[in-house]
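Note that the numbering used here gives residue 300 to position 300 of the sequence shown, counting from 1, and the numbers run on in steps of one.
Where hints are given, some of them may not hold.
Restraint-style ranges between C-beta atoms, simulated for each label pair [as the list claims (entries may be wrong)]:
#, residue 1, residue 2, range
1, Thr28, Glu199, 34 to 40 Å
2, Glu199, Leu66, 33 to 39 Å
3, Ala85, Gly19, 18 to 24 Å
4, Asn62, Asn32, 21 to 27 Å
5, Asn3, Gly128, 26 to 32 Å
6, Thr28, Lys290, 50 to 56 Å
7, Asn266, Lys70, 23 to 29 Å
8, Val165, Asn320, 47 to 53 Å
9, Gln120, Ala188, 19 to 25 Å
10, Gly311, Gly49, 37 to 43 Å
Heads up, simulated EDC-like pairs for lysine to aspartate or glutamate below, C-alpha to C-alpha not over 20 Å straight-line [to be verified]:
#, residue 1, residue 2
11, Lys17, Asp98
12, Lys170, Glu18
13, Lys17, Glu206
14, Lys332, Asp314
15, Lys290, Asp314
16, Lys88, Glu148
17, Lys290, Asp308
18, Lys290, Glu280
19, Lys35, Asp98
20, Lys84, Glu58
21, Lys332, Glu296
22, Lys170, Asp20
23, Lys88, Asp145
24, Lys329, Glu222
25, Lys17, Asp60
26, Lys84, Asp60
27, Lys305, Glu327
28, Lys88, Glu58
29, Lys88, Glu57
30, Lys173, Glu206
31, Lys88, Glu141
32, Lys88, Asp98
33, Lys170, Glu141
34, Lys332, Glu280
35, Lys290, Glu322
36, Lys170, Asp145
37, Lys84, Asp98
38, Lys290, Glu327
39, Lys35, Glu75
It should be emphasised that the hints constitute simulated quantities derived from the structure, not laboratory data.
All values reported here derive from a predicted model rather than from experimental measurement.
Even glycine gets a Cβ: it sits at the ideal position worked out from N, Cα and C.
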Amino acid sequence: MSNTIFAFGLGIGTQNKEGDWLEVFYSTPSLNAEKSTLDAIFESTNYEGGNATLVLEESDLNRLHLNLLKAGNIEQAELASRLKASTKPVILCVLATDEAPSNPAEVYLKLQLISHRQVQPHNTVLDGMFGLLINTAWTSEGPIDVRELADRQLSARMEGRTIEVFSVDKFPKMLNFVVPTGIRVGDAARVRLGAHLAEGTTVMHEGFVNFNAGTLGTSMVEGRISAGVVVGNGSDLGGGCSTMGTLSGGGNIVIGVGEKCLIGANAGIGIGLGDRCIVESGLYITAGSKVAVLDENNQVVSTIKARDLSGQSDLLFRRNSETGAIECKTNKTAIALNEVLHAHN
Numbered sequence: 001m002s003n004t005i006f007a008f009g010l011g012i013g014t015q016n017k018e019g020d021w022l023e024v025f026y027s028t029p030s031l032n033a034e035k036s037t038l039d040a041i042f043e044s045t046n047y048e049g050g051n052a053t054l055v056l057e058e059s060d061l062n063r064l065h066l067n068l069l070k071a072g073n074i075e076q077a078e079l080a081s082r083l084k085a086s087t088k089p090v091i092l093c094v095l096a097t098d099e100a101p102s103n104p105a106e107v108y109l110k111l112q113l114i115s116h117r118q119v120q121p122h123n124t125v126l127d128g129m130f131g132l133l134i135n136t137a138w139t140s141e142g143p144i145d146v147r148e149l150a151d152r153q154l155s156a157r158m159e160g161r162t163i164e165v166f167s168v169d170k171f172p173k174m175l176n177f178v179v180p181t182g183i184r185v186g187d188a189a190r191v192r193l194g195a196h197l198a199e200g201t202t203v204m205h206e207g208f209v210n211f212n213a214g215t216l217g218t219s220m221v222e223g224r225i226s227a228g229v230v231v232g233n234g235s236d237l238g239g240g241c242s243t244m245g246t247l248s249g250g251g252n253i254v255i256g257v258g259e260k261c262l263i264g265a266n267a268g269i270g271i272g273l274g275d276r277c278i279v280e281s282g283l284y285i286t287a288g289s290k291v292a293v294l295d296e297n298n299q300v301v302s303t304i305k306a307r308d309l310s311g312q313s314d315l316l317f318r319r320n321s322e323t324g325a326i327e328c329k330t331n332k333t334a335i336a337l338n339e340v341l342h343a344h345n
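Go ahead and model the full structure; you've got the sequences and the hints to work with.
Here it is as structure tokens:
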């Protein structure tokens, strides 16, 4: 048996009437735990190895608290002690290996590892996760299985209360689970759990960041970062722009944006960008778009499909205002981010 595990988390879960997990909140998930911590888990709980999800009783948490203290893992020991006061189920989710999740508790652990910046997008296996998650009403009284919502609303009205429904989705807001340091988000509803927001990222009110996607450095996001799309340090997404992800027509192609790029307002990409690229405002480039490649004298040297330029650096994409043709030439303009906009308290 291995002396290490991929990840584990102590969390608080919410179940529906059938006992299925709707969500699990892990305040401090742990990646690549040391052998001493793994031994503490074995000695304190019914964990027998492999990937497992256990519901812990107060006695389990007492033992776990003491054994984690002996192992020198003070943070997790204090968490175990604090969770003894929980009125909701306390979960221990252990992922011995990084493989496709088998239940919602494992999905939530992996999504929170990404949002806690412990794992970057595409660096953990999420295959099959959609089929494991339950469509949930995220409400003023917490998560409710959407099939149970009408009954809960009626009961609340009979007691003189109103349950406000913020969304019906398999994913909650990231900021209700994780608030990373050094970021600004104009509208919390537009960042899903499982997004990766690096230090120095600002997501404006119309910006959107999906799960298993996000930024790796300082970025101003006023457009859409679709599922699976990763934006490099120093790149900006203009108002209303779009990046085609695996859920929005990109199929299995992973589209990324390199460093110091600018995608103009209402523009979009269906190809990857290397570093220091610019896409003119209003220009949407799909993989099959025909692109006229220009030399330094603005003469057409070839016409190719945009996919042949995917991932290349120092390119400027624009539309010819007279012919409507998409053109590409070497970008000689340095992209300078607005330091005032990117300032953080």
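Verification of the hints:
{"no.": "1", "hint": "Thr28 <-> Glu199: 34 to 40 Å", "in the structure": "18 Å, violated"}
{"no.": "2", "hint": "Glu199 <-> Leu66: 33 to 39 Å", "in the structure": "36 Å, holds"}
{"no.": "3", "hint": "Ala85 <-> Gly19: 18 to 24 Å", "in the structure": "23 Å, holds"}
{"no.": "4", "hint": "Asn62 <-> Asn32: 21 to 27 Å", "in the structure": "26 Å, holds"}
{"no.": "5", "hint": "Asn3 <-> Gly128: 26 to 32 Å", "in the structure": "28 Å, holds"}
{"no.": "6", "hint": "Thr28 <-> Lys290: 50 to 56 Å", "in the structure": "51 Å, holds"}
{"no.": "7", "hint": "Asn266 <-> Lys70: 23 to 29 Å", "in the structure": "59 Å, violated"}
{"no.": "8", "hint": "Val165 <-> Asn320: 47 to 53 Å", "in the structure": "48 Å, holds"}
{"no.": "9", "hint": "Gln120 <-> Ala188: 19 to 25 Å", "in the structure": "22 Å, holds"}
{"no.": "10", "hint": "Gly311 <-> Gly49: 37 to 43 Å", "in the structure": "41 Å, holds"}
{"no.": "11", "hint": "Lys17 <-> Asp98", "in the structure": "30 Å, violated"}
{"no.": "12", "hint": "Lys170 <-> Glu18", "in the structure": "17 Å, holds"}
{"no.": "13", "hint": "Lys17 <-> Glu206", "in the structure": "36 Å, violated"}
{"no.": "14", "hint": "Lys332 <-> Asp314", "in the structure": "7 Å, holds"}
{"no.": "15", "hint": "Lys290 <-> Asp314", "in the structure": "19 Å, holds"}
{"no.": "16", "hint": "Lys88 <-> Glu148", "in the structure": "18 Å, holds"}
{"no.": "17", "hint": "Lys290 <-> Asp308", "in the structure": "10 Å, holds"}
{"no.": "18", "hint": "Lys290 <-> Glu280", "in the structure": "16 Å, holds"}
{"no.": "19", "hint": "Lys35 <-> Asp98", "in the structure": "17 Å, holds"}
{"no.": "20", "hint": "Lys84 <-> Glu58", "in the structure": "6 Å, holds"}
{"no.": "21", "hint": "Lys332 <-> Glu296", "in the structure": "10 Å, holds"}
{"no.": "22", "hint": "Lys170 <-> Asp20", "in the structure": "14 Å, holds"}
{"no.": "23", "hint": "Lys88 <-> Asp145", "in the structure": "16 Å, holds"}
{"no.": "24", "hint": "Lys329 <-> Glu222", "in the structure": "25 Å, violated"}
{"no.": "25", "hint": "Lys17 <-> Asp60", "in the structure": "25 Å, violated"}
{"no.": "26", "hint": "Lys84 <-> Asp60", "in the structure": "9 Å, holds"}
{"no.": "27", "hint": "Lys305 <-> Glu327", "in the structure": "11 Å, holds"}
{"no.": "28", "hint": "Lys88 <-> Glu58", "in the structure": "12 Å, holds"}
{"no.": "29", "hint": "Lys88 <-> Glu57", "in the structure": "11 Å, holds"}
{"no.": "30", "hint": "Lys173 <-> Glu206", "in the structure": "15 Å, holds"}
{"no.": "31", "hint": "Lys88 <-> Glu141", "in the structure": "14 Å, holds"}
{"no.": "32", "hint": "Lys88 <-> Asp98", "in the structure": "27 Å, violated"}
{"no.": "33", "hint": "Lys170 <-> Glu141", "in the structure": "17 Å, holds"}
{"no.": "34", "hint": "Lys332 <-> Glu280", "in the structure": "14 Å, holds"}
{"no.": "35", "hint": "Lys290 <-> Glu322", "in the structure": "16 Å, holds"}
{"no.": "36", "hint": "Lys170 <-> Asp145", "in the structure": "10 Å, holds"}
{"no.": "37", "hint": "Lys84 <-> Asp98", "in the structure": "29 Å, violated"}
{"no.": "38", "hint": "Lys290 <-> Glu327", "in the structure": "9 Å, holds"}
{"no.": "39", "hint": "Lys35 <-> Glu75", "in the structure": "16 Å, holds"}
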